[in-house]
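Novice: Sequence:
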Amino acid sequence: MIKHLLLVLFFCLCLETVSAQNGNFSFVFMTDMHLRPDPVVEKAFNKVVQRIAQLKPDFVLSGGDQIFDIMRGNRAKGDSLFTYYLTQTRRFKVPVYNCVGNHDLFGIYEESPEDSSHPDYKLGMFKRYFGAPYYSFNHKGWHFIVLNVLDVDNYKYIGRVDEGQLKWIKNDLSSVKPETPVVVVAHIPLVTTYHDLHPPQNGYLSQPPVSNRNEVLTLFKDHNLKFVLQGHIHWFEDLHIAGKTHYITGGAIAGRPSWRGNTHGSRGFLRFNVSGSDATYEFVSYEDKD
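Read in order, the letters of the sequence shown are residues -20 to -1, 1 to 270 in mature numbering (1 follows the signal peptide of the UniProt record, and there is no 0).
No lab work stands behind these hints, which were simulated from the structure alone. Take the hints with a grain of salt, since some may be wrong.
[Stated by the list, open to error] When the alpha-carbon atoms are kept at most 35 Å apart in a straight line, the in silico DSBU-like pairs for lysine-lysine are as follows: (1) Lys120 x Lys206; (2) Lys136 x Lys23; (3) Lys23 x Lys107; (4) Lys73 x Lys147; (5) Lys57 x Lys73; (6) Lys147 x Lys206; (7) Lys147 x Lys224; (8) Lys157 x Lys201; (9) Lys73 x Lys36; (10) Lys36 x Lys23; (11) Lys120 x Lys27; (12) Lys201 x Lys107; (13) Lys150 x Lys224; (14) Lys36 x Lys107; (15) Lys157 x Lys73; (16) Lys27 x Lys57; (17) Lys201 x Lys150; (18) Lys224 x Lys107; (19) Lys157 x Lys224; (20) Lys136 x Lys57; (21) Lys224 x Lys73; (22) Lys147 x Lys157; (23) Lys27 x Lys206; (24) Lys206 x Lys73; (25) Lys136 x Lys201; (26) Lys120 x Lys150; (27) Lys206 x Lys136; (28) Lys136 x Lys107; (29) Lys224 x Lys206; (30) Lys224 x Lys36; (31) Lys120 x Lys224; (32) Lys157 x Lys206; (33) Lys206 x Lys107; (34) Lys73 x Lys107.
[Stated by the list, open to error] Just the calculated beta-carbon pair ranges, DEER-fashion: (35) Asn54 x Arg240: 20 to 26 Å; (36) Arg71 x Gly111: 17 to 23 Å; (37) Lys201 x Arg240: 38 to 44 Å; (38) Ala222 x Asn54: 41 to 47 Å; (39) Gln30 x Pro75: 17 to 23 Å; (40) Asp258 x Gln34: 20 to 26 Å.
We put the beta carbon where it would ideally sit given N, CA and C, even for glycine.
Start from the sequences, fold in the hints, and give me the full structure.
Specialist: Here it is, written out as structure tokens:
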């Protein structure tokens, strides 16, 4: 009798473990917030906070450009902006996972009063506030990888994943089962149609926006890469490639041009609903709610 009860208890515990690992959940992906203490920005972001509270996600993924802007340096300004961002996003009352955006890089422009010898240079300030610029985490049977696809060359930001991070990705995936659903977050898009439809004035780009994106994506070829969530261009698109991976550029909280218009569609974010190994999403325009 006791043995039977122990077996039943063990079976129930196993079911609870499986349920916890593969249960239903939701999360939000938002990008390009460009937060700064400005009445226009604050009024709009209050609507974002209200919508998040209504949706009750498990967590929020930020696709970069949390603030605007520290590329021209000024440590006091940078500290003020990141502190402001943290104050605002704590209002979500759920974990927020942040990705590095170009506007989050400190002092990279030539006119910056701080140079490359400053401890906050480039990624230094981001690390002080958020920790590692690339990392991964698991949630209920899904694996999430937040990348840093930004580097600096000749006082300009460029899209590139450095060698150390490529090795880290390979090592991280070595402990992920091939069937595990994977989500990648990157600020500059790895795959996008934007420059096909809006080519630069001097012609098409000579390489992808992230120059070594093929090398990055090759690392995922034997894995269940469900979504690559992207930002930067304030543009919404969903490219479902080879019937396997959705490359979604998630629009922008700040619109385009930033906080002055909505050239490429409504300001908003994406809400994902996950059930087991499947997920659906919807674009949520917070401007629809007064």
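Novice: Which of the stated hints cannot be reconciled with the structure, identified by number in ascending sequence?
Specialist: Hint check: nothing fails, all pass.
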